[in-house]
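Student: Spelled out, the chains give:
Number of protein chains: 2
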Amino acid sequence: MDKVIGYLKENFDNYLNELKEFIAIPSISALADHKKDMRDCAKFVSGQLKNAGMKNVKLIKTAGNPLVYGEWMGAPGKPTVLIYGHYDVQPVDPLDLWDNPPFEATVKDGKIYARGANDNKGQCFVHIKAVEAYMKTEGKLPVNVKFLIEGEEEVGSGNLDKFLKDKENKKLLKCDSVLISDTSMYDEGVPTISYGLRGLCYMEIELTGPNRDLHSGSFGGSVANPINELAKIIAKLQNDKGKILIPEFYKNVRKVTKAEKENIKSLKFSDKKYAKELDVKELFGEAGYSTLERLWARPTLDCNGIVGGFIEKGAKTVLPSKASAKISMRLVPDQDPKTVAKQFTKYVKSIAPKYVKIEVKDLHGGNPFYAPLDDRAVQAGAAATAKAFGKKAVFTREGGSIPIVVEFNKQLKAPVVLMGLGLDTDNIHSPNEHFRLENFEKGLYSSAYFFEEYSK
Amino acid sequence: MDKVIGYLKENFDNYLNELKEFIAIPSISALADHKKDMRDCAKFVSGQLKNAGMKNVKLIKTAGNPLVYGEWMGAPGKPTVLIYGHYDVQPVDPLDLWDNPPFEATVKDGKIYARGANDNKGQCFVHIKAVEAYMKTEGKLPVNVKFLIEGEEEVGSGNLDKFLKDKENKKLLKCDSVLISDTSMYDEGVPTISYGLRGLCYMEIELTGPNRDLHSGSFGGSVANPINELAKIIAKLQNDKGKILIPEFYKNVRKVTKAEKENIKSLKFSDKKYAKELDVKELFGEAGYSTLERLWARPTLDCNGIVGGFIEKGAKTVLPSKASAKISMRLVPDQDPKTVAKQFTKYVKSIAPKYVKIEVKDLHGGNPFYAPLDDRAVQAGAAATAKAFGKKAVFTREGGSIPIVVEFNKQLKAPVVLMGLGLDTDNIHSPNEHFRLENFEKGLYSSAYFFEEYSK
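The listed protein sequences correspond, in order, to chains A and B.
The first sequence begins at 1 in the working numbering and counts up one residue at a time.
The second sequence begins at 457 in the working numbering and counts up one residue at a time.
Mixed in with the good hints there might be a few duds.
Each computed DSSO-like pair below joins lysine-lysine, with the alpha-carbon atoms no more than 27 Å apart [said to hold, decoys possible]:
#: 1; chain 1: B; residue 1: K692; chain 2: A; residue 2: K354
#: 2; chain 1: A; residue 1: K354; chain 2: B; residue 2: K810
#: 3; chain 1: B; residue 1: K810; chain 2: A; residue 2: K281
#: 4; chain 1: A; residue 1: K273; chain 2: B; residue 2: K810
#: 5; chain 1: B; residue 1: K732; chain 2: A; residue 2: K313
#: 6; chain 1: B; residue 1: K626; chain 2: A; residue 2: K361
#: 7; chain 1: B; residue 1: K514; chain 2: B; residue 2: K711
#: 8; chain 1: B; residue 1: K623; chain 2: A; residue 2: K313
#: 9; chain 1: B; residue 1: K534; chain 2: A; residue 2: K273
#: 10; chain 1: B; residue 1: K511; chain 2: B; residue 2: K692
#: 11; chain 1: B; residue 1: K697; chain 2: A; residue 2: K236
#: 12; chain 1: A; residue 1: K313; chain 2: B; residue 2: K517
#: 13; chain 1: B; residue 1: K534; chain 2: A; residue 2: K236
#: 14; chain 1: B; residue 1: K626; chain 2: B; residue 2: K802
#: 15; chain 1: A; residue 1: K162; chain 2: A; residue 2: K174
#: 16; chain 1: A; residue 1: K342; chain 2: A; residue 2: K251
#: 17; chain 1: B; residue 1: K912; chain 2: A; residue 2: K354
#: 18; chain 1: A; residue 1: K241; chain 2: B; residue 2: K805
#: 19; chain 1: B; residue 1: K697; chain 2: A; residue 2: K241
#: 20; chain 1: A; residue 1: K241; chain 2: B; residue 2: K810
#: 21; chain 1: B; residue 1: K564; chain 2: A; residue 2: K236
#: 22; chain 1: A; residue 1: K174; chain 2: A; residue 2: K243
#: 23; chain 1: B; residue 1: K476; chain 2: B; residue 2: K534
#: 24; chain 1: A; residue 1: K236; chain 2: B; residue 2: K805
#: 25; chain 1: B; residue 1: K692; chain 2: B; residue 2: K514
#: 26; chain 1: B; residue 1: K866; chain 2: A; residue 2: K357
Partial list, computed: chain A residues near chain B (C-beta under 7 Å) [what the hints assert, rightly or not]:
#: 27; residue: N56
#: 28; residue: K58
#: 29; residue: L59
#: 30; residue: T62
#: 31; residue: A63
#: 32; residue: T137
#: 33; residue: H215
#: 34; residue: A224
#: 35; residue: I234
#: 36; residue: F284
#: 37; residue: G285
#: 38; residue: T345
In case anyone wonders, no lab produced these hints; they're calculated from the structure.
Note that this is a predicted model, so its numbers are computed, not measured.
Note that the Cβ used here is the ideal one computed from N, Cα and C, for glycine as well.
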């Protein structure tokens, strides 16, 4: 084991440079004009897996971006872990808020800044490199390992989702547990295993008023304005106490248990520090729940985008024809995204006035997730990160969604270990996304220790 | 007179080509990067005035775009008319909705399509050309004429406004009436003199939530979303019956007189036809008033633009830092834009939650206007257009604003004649703006007849 850790230490700078190459490929899955980048990025990952000593490495075609697969099954009698990650990244706008070009990784103050440095290129890279270190030193791994790195996580993993439902593919991915690093640590230097994730239901509303943009002077007062009407609809989705007003929305929400409330209490979360870090006078959310309960165990509704009319500098007196909004809801056990999408659509159409045409689209969704804490792999994850960071690991839930986690759990009948290496302050999905070099390094050790712990 | 009309007929095609040259200069006053175009356009207009035989033609410097002035004072003892127009145009977005390039005028089905073809290059051009025809045929005009063509009407005429308040300038512009063609005809082929205009108060709201864009999964539920909050604020500006909820807003609104209600009735306006033309199931506006009352005599509130978060195709799970909206109100006598701006700002700030930072800006405004129907120039306008179109002229009010009209009225103590040549269906301020060639031609005659009628 020391040899492996030693090797990881020696090669840290090389690994950092390879991560920069990985980052340099602008693999934005949400934007159609990045198709070629997606393919290039998949090829880069498969090259990495081959170099790490993986067998049967291949790009698996899908209706969208390819999946990258690789395996090493040389530990008969030992458990098999499937390591999942994604090579696609979020869009980069607004570009002018980046201090450095998003795809030219910049190391500063012990952090690497770039789109994907953290989510998820940096976090999934640690496992590839930990495996490589094992193979280059010991020539083998203490457990069997399979890799599955996808390219559509940021747009809902629709094709991987289909892939997992196929009988043959389930055989290919058969495993005893799934290991994923795509979540956050509770705090700087605090090793964290997450046992829950929120689900997602991402909708889009488009309102059409008059059949063309009109002069707001010549027509104002005679016909409904789609922006005003859209605002009224959004205002009716949530009340001033943060309660979502969609009928039946809370019906399947699992109550926060007493044990969880106590666990949350023990984490001594500071609203004040959090508000200060976000530079808001006061936090806001569903009344009657603490901030961590709202983030981990309660559903939410957020407008992710809105646009209509004249949005450049200056003034244009237009009464626009169209206005649209992207609205997503975070879900918790036991809410179902399809059901929520139906509830949302029905309610929004019911409150839309007859003066406008309305279209409601279900863009994508994912189920929430909840894991058993006593599982062998979950415990191995806690022990491994504790060794790497030299501190007892804490168990948390996540506000974010990895829709596919649920599918792994469901289709492969395997528990999922969420070994998060990011921090909520790392600006993932925002300008100046970054990954702490300390977490990159200790992530490499955590992964290596995991294989050892899991083999016991 | 016949010579003049004959000359206008002969030269119609030349005038149309010169209008195309006028249009080809993309003089968008709202966008800073068109500064040079504004100057080029002003020079084009001064060239036209010289060619029309005007004296003392000059560009007058302002803090913004230059004013173009020219005069012919060779009719002692006769009244003096000041002709006002503007050479600046609206922005052209969304570009993809234009059938032809907005600054390459295209003649099709008896209409000329281009930004500014109607508002206001086409409409103010008829007066320059009518004057030219008089000078080239009769060598003189039956009345004294002054031209003042500005370049900031679409952004509020702020600098002309200042210009008019100066004593020397008032001497320069001294006149018995002001003639403006920048409004709409009541219907196709119906000569129209407008006796009222609505005012404008154009505001902008910007909300700031967290200090950066956040991942809506990791942070959703913990902090207020500026888009959701902006929607709630907009929803509180107007109720479902179209009543504006800003305190004191209606305090100075002049009641619609019985005579006006009767005049409106006599115009036999068809809601059904209007709704069909705009392709809306039903019209919407302040309850208790007819469509024409709402358009002409009642104030309104419209969002002209809104933006926040991710607005491209696809999905991005972001909880944005900022959201903003442009909101304008149309005013009627005796509302005052500055007062309304204060009322709006006070109310909006009072309903904004403490969870977000709010900034409210007063972008620009203009007073409403109301003219005496028995005035000599107003009657001359009605007689002239009736001759040109061969039909009795009707009197209407306009929903739109020409803020400067009020200033002319106030500073020059002269009545303003609004001789509209556009139609509400001409897409001014929208893609595929156009001007009917018939109205261009009869507008030329109307202007020529006006000088004759006004000299009587």
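Student: Could you grab the alpha-carbon distance between K626 of chain B and K802 of chain B and see if it respects the 27 Å cut-off?
Tutor: Roughly 36 Å between the alpha carbons, so the hint for K626 of chain B and K802 of chain B is violated.
Student: Holds or violated: are the alpha carbons of K534 of chain B and K273 of chain A at most 27 Å from each other?
Tutor: violated (78 Å)
Student: Is K273 of chain A close enough to K810 of chain B, meaning Cα to Cα at most 27 Å?
Tutor: Roughly 18 Å separates the two Cα atoms, so the pair holds.
Student: Taking 27 Å as the top limit, are the C-alpha atoms of K174 of chain A and K243 of chain A close enough?
Tutor: violated (42 Å)
Student: Are F284 of chain A and chain B close enough, Cβ to Cβ, to be under 7 Å, as the hint says?
Tutor: holds (4 Å)
Student: Can we keep the I234 of chain A interface hint, with Cβ of chain B closer than 7 Å?
Tutor: Cβ of I234 of chain A sits 4 Å from chain B, so the hint holds.
Student: Holds or violated: K732 of chain B and K313 of chain A, Cα atoms, limit 27 Å.
Tutor: At roughly 33 Å apart (the allowed maximum being 27 Å), K313 of chain A and K732 of chain B break the hint.
Student: Could you grab the alpha-carbon distance between K241 of chain A and K805 of chain B and see if it respects the 27 Å cut-off?
Tutor: Cα-Cα ~19 Å, so holds.
Student: For a C-alpha distance cap of 27 Å, please report whether K912 of chain B and K354 of chain A respect it.
Tutor: violated (54 Å)
Student: When you check the alpha-carbon spacing of K241 of chain A and K810 of chain B, does it fall within 27 Å?
Tutor: The given pair, whose Cα atoms are some 13 Å apart, holds under the 27 Å limit.
Student: When the nearest CB of chain B is found for T137 of chain A, is that gap smaller than 7 Å?
Tutor: Result: violated, 36 Å to nearest chain B Cβ.
Student: Does the alpha-carbon distance linking K354 of chain A and K810 of chain B stay inside the 27 Å limit?
Tutor: violated (34 Å)
Consistency with the previously given hints fails for numbers 2, 5, 6, 7, 8, 9, 10, 13, 14, 17, 21, 22, 23, 25, 26, 27, 28, 29, 30, 31, 32, 38, ordered from lowest to highest.
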